[in-house]
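If you're matching them up, the sequences are chains Z and E in order. Just so you know, we're using this note's numbering here: the first sequence kicks off at 1 and counts up by one. Just so you know, we're using this note's numbering here: the second sequence kicks off at 1 and counts up by one.
No lab work stands behind these hints: they were computed from the structure. It is possible that some hints are incorrect.
Unchecked claim - Here are the computed lysine-lysine pairs in the BS3-like style, where the Cα-Cα straight-line distance is at most 27 Å:
(1) E:Lys341 x E:Lys357
(2) E:Lys321 x Z:Lys161
(3) E:Lys107 x Z:Lys94
(4) E:Lys299 x Z:Lys94
(5) E:Lys107 x Z:Lys42
(6) E:Lys107 x Z:Lys138
(7) E:Lys107 x E:Lys161
(8) E:Lys67 x Z:Lys173
(9) Z:Lys118 x Z:Lys163
(10) Z:Lys138 x E:Lys67
(11) E:Lys357 x E:Lys321
Small disclaimer: the values here were computed from a predicted structure and weren't measured.
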Amino acid sequence: MLRSSKRGQIGLMELLMVIVIIGIIIAIGIYFFYQGFIGSVKKTGEELSMQEREVLLGMLGRIPEVRCSIGSRDENCLDALKIINARETIEDNKAYYINLLGFRSVKVELIYPERNSKECNANTYPDCGIFKLYENIKTGSENMHQDASILVSLYYPEQGKYKVGKLVLREYK
Amino acid sequence: MFSHYTISIDIVSKVYIIYQYNDDVMIKKKGTSEAFKYLLVLFAGITILIFFIRFAWQASGLIRDVKAVDIRETLNDYFNALSSAEDLVTTANINSRVYVNQPDCGKISIGIRRTISNAAEYSHIIFSPAILNERMFVWTKEWNYPFRVGNFFYLISPDTKIFLVGNSKLIDELTGIRKANGACCENSNYIDPRFKVEKKYSVDANFIRDKAKEYNKVIFIFFGEQATTVTGIENARLRSINAIDCEDEKDEEECRGTISFGNNKQSFFAGRPMLYAAIFSEDYQNYECGFGMAKKRLKLVSDIYNGKKMMLERLMPSCSKYGFSIEANYNSLESMYGNMKSLRQSNYDIGGVECAKVF
Numbered sequence: 001m002l003r004s005s006k007r008g009q010i011g012l013m014e015l016l017m018v019i020v021i022i023g024i025i026i027a028i029g030i031y032f033f034y035q036g037f038i039g040s041v042k043k044t045g046e047e048l049s050m051q052e053r054e055v056l057l058g059m060l061g062r063i064p065e066v067r068c069s070i071g072s073r074d075e076n077c078l079d080a081l082k083i084i085n086a087r088e089t090i091e092d093n094k095a096y097y098i099n100l101l102g103f104r105s106v107k108v109e110l111i112y113p114e115r116n117s118k119e120c121n122a123n124t125y126p127d128c129g130i131f132k133l134y135e136n137i138k139t140g141s142e143n144m145h146q147d148a149s150i151l152v153s154l155y156y157p158e159q160g161k162y163k164v165g166k167l168v169l170r171e172y173k
Numbered sequence: 001m002f003s004h005y006t007i008s009i010d011i012v013s014k015v016y017i018i019y020q021y022n023d024d025v026m027i028k029k030k031g032t033s034e035a036f037k038y039l040l041v042l043f044a045g046i047t048i049l050i051f052f053i054r055f056a057w058q059a060s061g062l063i064r065d066v067k068a069v070d071i072r073e074t075l076n077d078y079f080n081a082l083s084s085a086e087d088l089v090t091t092a093n094i095n096s097r098v099y100v101n102q103p104d105c106g107k108i109s110i111g112i113r114r115t116i117s118n119a120a121e122y123s124h125i126i127f128s129p130a131i132l133n134e135r136m137f138v139w140t141k142e143w144n145y146p147f148r149v150g151n152f153f154y155l156i157s158p159d160t161k162i163f164l165v166g167n168s169k170l171i172d173e174l175t176g177i178r179k180a181n182g183a184c185c186e187n188s189n190y191i192d193p194r195f196k197v198e199k200k201y202s203v204d205a206n207f208i209r210d211k212a213k214e215y216n217k218v219i220f221i222f223f224g225e226q227a228t229t230v231t232g233i234e235n236a237r238l239r240s241i242n243a244i245d246c247e248d249e250k251d252e253e254e255c256r257g258t259i260s261f262g263n264n265k266q267s268f269f270a271g272r273p274m275l276y277a278a279i280f281s282e283d284y285q286n287y288e289c290g291f292g293m294a295k296k297r298l299k300l301v302s303d304i305y306n307g308k309k310m311m312l313e314r315l316m317p318s319c320s321k322y323g324f325s326i327e328a329n330y331n332s333l334e335s336m337y338g339n340m341k342s343l344r345q346s347n348y349d350i351g352g353v354e355c356a357k358v359f
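Generate the whole structure from the sequences, applying the supplied hints.
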């Protein structure tokens, strides 16, 4: 009787071992499946993010909020006075612009004929060189970002002059 | 052989089978009986099966969600990229269903198989049917009032037909009617042929019923006349438009008028791009949603120009032409149109070396 009982227990152990091994194999399978899947989702996310960054950068230079217009005709430049006023409007209507820009910041830096690190606003203009347009920094991601930039023509309407600037789009991870 | 037997199962799952041979009772205790093994295997099998079904279900849901986000973001990028175009028609293959303004105005959802993804907010001004399937035509056109405010997007399914009912120069221009010499639509802002817009002098209820059977969706726009009353046709949309100064020789901003969607639902349009919006909208709700977003953008851009005007006033004190105010006024067609005209004139009047134009 004792021998039969032992044999039964061994049988039970065997069965449990088989179940555990099957469980481990399934777990490993799921782990690799998810690794692969998450990897592919990350890749898609990065591709979409890069695509979006490039599209946004191209688009930002042409939105009515900042683009030069002379007699209802758009010109291929950014209006310095419009950028200063757009900053305030965007800040007041942040919910609207978050849909478009998300966790990013957008600014224009004056690079030619002179650089100037002073931030532009209604009081410092035109003796300034950093035009901040939008800022929505993700908490904890201040140092985790990717930048994209293009050169733009910056128009000072009261002087009738064009200067060279750099439109910088910073995306927070 | 067996007179009788009993099986007892205790709570720790040990099974004892007691065989009774005539007078002899033999108790054969199997440490773990075959029956228990079967039960255990059955239980484990069912558990694993349930796990796999659940896993497959969740994985399929996750893949679907990722695909929906992918489509939605690509569509958003697509609109962003097109939003800087002045006037452009293109075709978009979306390989899924797009629900515009569902569940609320300003939201887009993607339908894959039988499920609809979580809606995402968008800020583009879209006039379209409520549901677009697989493929759509996209037309984007900028709206100036009097300065550039933003782009309108008109989306339409290839299986939609539009009839412009009436006989006017405007309808000829919109549909691109050929002249007797064969030349088509010289200097005319006619609607792209892909949008299947056709002119009809008049239509009756039978014609509407016939066309409703022929096309998946059919829109009848009655120009300058009351829309024919036809009930019980689900896929036909009827509305009437009264347009003023919309012909090609006039400025686009001059074009204005009223739209009646039936059931006492009326609205107005300001600018030629908004006339197109009245034509391509699915219904009153879709039109009002797009119109509301257009007004919002008009307000934002007006605020920026007003700020710019005030700064110019300060930076150029010798110029005395900045005494006007730039405010978005869109309570009625008259106030919106009047405001636009006065702004345009005020800006036009700014001149000379001591002044810079606001827009």
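To see whether the hints hold, each was checked on the structure:
1. A threshold of 27 Å between alpha carbons decides the hint, and for E:Lys341 with E:Lys357 the separation of about 16 Å falls inside it, so the pair holds.
2. Distance check on the hinted pair: E:Lys321 and Z:Lys161 sit about 21 Å apart at the alpha-carbon level, within 27 Å; holds.
3. Only pairs whose Cα atoms come within 27 Å are accepted, and E:Lys107 paired with Z:Lys94 is accepted, the gap being roughly 17 Å.
4. Taking the CA atoms of E:Lys299 and Z:Lys94, the gap is near 14 Å; set against the 27 Å cutoff, the hint holds.
5. For the given pair, E:Lys107 sits about 25 Å from Z:Lys42 by alpha-carbon distance, which is consistent with the 27 Å threshold.
6. At most 27 Å may separate the alpha-carbon atoms for a hinted pair to count; E:Lys107 and Z:Lys138 meet this at roughly 24 Å.
7. Annotation: proposed proximity of E:Lys107 to E:Lys161 holds, straight-line Cα distance about 25 Å (limit 27 Å).
8. About 21 Å separates the Cα atoms of E:Lys67 and Z:Lys173, which keeps this hinted pair within 27 Å; it holds.
9. Straight-line distance between C-alpha atoms of Z:Lys118 and Z:Lys163 comes to about 16 Å, which keeps the hinted pair within the 27 Å bound.
10. A threshold of 27 Å between alpha carbons decides the hint, and for Z:Lys138 with E:Lys67 the separation of about 25 Å falls inside it, so the pair holds.
11. With a C-alpha separation of about 9 Å, the suggested pairing of E:Lys357 with E:Lys321 holds against the 27 Å cut-off.
Comparing the model with each numbered hint stated earlier shows that all of them hold.
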